[in-house]
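Heads up: the sequence lines are chains A and B, in that order.
Sequential numbering from 1 applies to the first sequence in UniProt numbering.
Sequential numbering from 1 applies to the second sequence in UniProt numbering.
Calculated directly from the structure, the hints in this document are not laboratory data.
There could be a bad hint or two in this list.
[To be verified] Calculated from the model, a selection of chain A residues having no Cβ within reach of chain B, i.e. all distances over 12 Å:
hint	residue
1	PRO3
2	HIS11
3	ARG17
4	ASP102
5	ARG162
6	ALA169
7	ASP172
8	ARG285
9	ARG319
10	GLY356
11	ARG375
[Claimed, not checked] FRET-style restraints, in silico, Cβ to Cβ:
hint	chain 1	residue 1	chain 2	residue 2	range
12	B	LYS69	A	PRO222	24 to 30 Å
13	B	THR61	A	ASN76	53 to 59 Å
14	B	GLU19	A	ALA178	55 to 61 Å
15	B	LEU107	A	VAL325	39 to 45 Å
16	A	GLU118	B	LEU66	50 to 56 Å
17	B	LYS88	A	ALA279	26 to 32 Å
18	B	THR61	A	GLU171	45 to 51 Å
19	A	PRO134	B	ASP24	31 to 37 Å
[As the list claims (entries may be wrong)] List of simulated lysine-lysine pairs, DSS-like, C-alpha gap at most 30 Å:
hint	chain 1	residue 1	chain 2	residue 2
20	B	LYS100	A	LYS24
21	A	LYS77	B	LYS100
22	A	LYS24	B	LYS69
23	A	LYS24	A	LYS157
24	B	LYS69	B	LYS100
25	A	LYS157	A	LYS77
26	A	LYS159	B	LYS88
27	B	LYS100	A	LYS159
28	A	LYS67	A	LYS157
Where is the CB? At the ideal position from N, CA and C, for every residue including glycine.
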Amino acid sequence: MNPADAVARAHREEWARVVATLTKRFGDLDIAEEAAAEAVATAVERWPADGVPPNPGAWLTTTATRKAIDRIRRENKRDDKYKEALVFDNDPPEPLGVIDDDRLRLIFTCCHPALALESRLALTLRMVGGLTMPEIARAFLVAESAMGQRITRAKAKIKAARIPYRVPAAEDLPARVAGVLTVLFLVFNEGYLATGPDSDPLRPDLTGEAIRLTRLIRALLPDDGEVTGLLALMLLTEARRPARVSGGELVSLAEQDRGAWDTALITEGHRLVRERLAAGVVPGRYQILAAINAVHTSVRDSRDTDWSQVLALYDQLVRVDTSPVIALNRAIALAELDGPTVALSVVDRLEARLAGYHAFHATRADLLRRLGRGRESRAAYDKAIELAGNTAEIANLTRRRDQLG
Amino acid sequence: MQYLLSVIHDGPSLADAEEDAAIDVFNEALRTGGYWVFAGGLGMPDTATVIDNRQDAGLVTDGPFLESKEYLAGFWIIEAADLDVALKLATAGSKACNRKVEVRPFLVP
């Protein structure tokens with residue numbers, strides 16, 4: 001491997017561990033992050049000349065630790081008050097959470113419920129994912145300065161309010177894992193259906209990052225059903241990515257070239273879904289969503305889809321997740337079984353809550369089209385196009401509208 | 001590390017007898033847990049007086065510094081190891097006094 005690739009790989013694979021190790025040692029996210037960034041920059045300079053070290057992760061950690069100590073020394077000379085804040089923590093180590101892993105602590109710190117959801121997202125991508133500020137800003141369509149401020153504010157709150165660098169205690173873990181999964185699912189979804197006129201419709205960098213972080217959580221919490229469920233859901237969704245866009249246009253599930261799907265990801269996803277079924281525990285929303293995706297990905301022809309099983313799973317899902325978006329997706333399955341008239345009456349009842357959601361109008365448009373109500377269908381497509389943020393999805397909706405004749 | 005737990009009130013009256021009793025129980029839990037520093041209930045905002053003596057202006061104004069639907073009705077000052085502990089106590093405090101509670105860290109001197 002050439003040195004540039006080795007640096008990129010070490011950055012990707014070792015960043016979270018380096019930041020986590022330094023955060024533990026120095027108790028300060030800022031110092032940890034800056035030292036990690038300096039160490040990567042040093043690797044860019046040195047590795048081409050000196051060769052790639054045998055253990056890149058250890059090299060980065062050692063270099064970052066030196067950089068951090070240098071920085072603390074410099075600041076100590078400047079400011080005695082800082083010195084008190086930054087001396088090494090001599091307190092006895094805190095009792096460990098249910099699992100002791102520095103990276104997992106880092107994820108839980110970045111996803112602390114006392115931080116705004118946007119801050120959690122940004123901080124997780126920066127500190128755990130190692131994404132640069134411009135990358136995060138681009139992903140969430142905000143100015144780089146705004147994203148920088150968000151991260152700075154979040155770090156300042158962590159420090160001032162003393163948000164602990166810790167995996168929560170066993171009794172608090174389920175609630176806190178749920179927040180972490182929310183963040184990872186948001187990252188994934190932004191990559192899967194990217195918003196914005198200047199954004200690529202699919203962002204495999206983001207879906208890949210979300211999958212990587214979810215794999216990390218699963219490795220650390222293998223018995224948490226929802227973690228496994230979310231990973232399976234992401235894998236089964238990601239597997240379809242090669243077939244999702246054609247000629248700049250989003251391709252619906254029914255029309256996708258199933259031969260282009262990633263069979264390795266599907267196999268792994270199905271295995272995880274089976275593992276959860278075998279566990280015999282009442283599944284949460286991610287596990288049910290994964291099971292629905294398993295039904296869709298288990299047939300070679302969309303006409304063979306077992307819609308009654310899909311609907312049964314949605315019936316189960318609406319009991320644990322009362323979101324109107326879930327009710328909307330259930331109606332799509334209902335249309336396949338009981339026809340568009342029944343589905344449309346269900347969809348129409350969701351209008352009050354979903355009037356601002358493009359998929360609500362797109363679903364209505366499709367049902368109206370199937371019922372031969374062309375004029376109403378066109379109006380619904382217009383509304384969906386107006387609200388949709390993904391360029392490939394807009395192209396698909398526009399074509400469907402124009403085909404109404 | 002000290003935190004201020006502010007009780008945010010948005011109604012016309014102060015705590016009723018049942019709430020007072022629950023607050024007593026919570027206060028006792030703070031003391032036995034070693035979290036207690038200080039606590040107090042405050043009079044209604046219309047009992048407040050604002051002084052502005054910047055540049056020796058000596059201004060005295062009747063009423064609170066901020067007219068708002070929500071106001072500070074009381075507070076606890078607690079000693080807690082970190083925000084997770086403070087949030088847990090605030091959660092119990094909010095239930096006890098039946099009001100919203102804001103958690104803010106004191107500046108570290």
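Hints and how they fare:
In this structure A:PRO3 is separated from chain B by more than 12 Å, as the shortest Cβ-Cβ distance comes to about 42 Å. With 12 Å as the threshold on Cβ separation, the claim that A:HIS11 sits away from chain B holds: the shortest Cβ distance comes to roughly 31 Å. At roughly 24 Å from the closest C-beta of chain B, the C-beta of A:ARG17 stays outside 12 Å, upholding its exclusion from the interface. Against the 12 Å criterion, A:ASP102 stays outside the reach of chain B, whose nearest CB is about 17 Å from its own CB.
With a least CB separation of 5 Å from chain B, A:ARG162 falls inside the 12 Å interface cut-off, contrary to its annotation. A:ALA169, annotated as away from the interface, has a beta carbon of chain B within 12 Å; the closest lies near 9 Å. At roughly 8 Å, the least C-beta separation between A:ASP172 and chain B is not larger than 12 Å, which violates its mark as non-interface. Distance to chain B confirms A:ARG285 as a non-interface residue, since its nearest Cβ pair spans about 25 Å, more than 12 Å.
The Cβ of A:ARG319 sits about 27 Å from the closest Cβ of chain B, beyond the 12 Å cut-off, so the non-interface label holds. The Cβ of A:GLY356 sits about 28 Å from the closest Cβ of chain B, beyond the 12 Å cut-off, so the non-interface label holds. A:ARG375, annotated as away from the interface, keeps every beta carbon of chain B farther than 12 Å; the closest lies near 48 Å. Checked against the hint of 24 to 30 Å, the pair B:LYS69 and A:PRO222 fails, with Cβ atoms roughly 49 Å apart.
A hinted range of 53 to 59 Å for the beta carbons of B:THR61 and A:ASN76 is inconsistent with their spacing of about 47 Å. Range check, B:GLU19 to A:ALA178: Cβ separation about 31 Å, and the 55 to 61 Å hint is violated. Remark: the range hint 39 to 45 Å for B:LEU107 to A:VAL325 is upheld by a beta-carbon distance near 43 Å. A hinted range of 50 to 56 Å for the beta carbons of A:GLU118 and B:LEU66 is inconsistent with their spacing of about 28 Å.
For the pair B:LYS88 and A:ALA279, the beta carbons lie near 30 Å from each other, so the given range of 26 to 32 Å is met. Our hint of 45 to 51 Å for B:THR61 and A:GLU171 holds, since their Cβ atoms are close to 49 Å apart. One distance hint, 31 to 37 Å for the beta-carbon pair A:PRO134 and B:ASP24, is violated here, with the actual separation near 55 Å. For the given pair, B:LYS100 sits about 34 Å from A:LYS24 by alpha-carbon distance, which is inconsistent with the 30 Å threshold.
With a C-alpha separation of about 44 Å, the suggested pairing of A:LYS77 with B:LYS100 is violated against the 30 Å cut-off. Between the alpha carbons of A:LYS24 and B:LYS69 the distance comes to roughly 43 Å, so the proposed pair goes past 30 Å and is violated. This hinted pair checks out: A:LYS24 and A:LYS157 have alpha carbons roughly 18 Å apart, not beyond 30 Å. This hinted pair checks out: B:LYS69 and B:LYS100 have alpha carbons roughly 13 Å apart, not beyond 30 Å.
As the CA atoms of A:LYS157 and A:LYS77 are separated by approximately 26 Å, the hinted pair is consistent with the 30 Å bound. Simply put, A:LYS159 and B:LYS88 have alpha-carbon atoms about 18 Å apart, close enough for the 30 Å limit, and the pair holds. Between B:LYS100 and A:LYS159 the alpha-carbon distance is near 24 Å, which keeps this suggested pair within the 30 Å criterion. A threshold of 30 Å between alpha carbons decides the hint, and for A:LYS67 with A:LYS157 the separation of about 24 Å falls inside it, so the pair holds.
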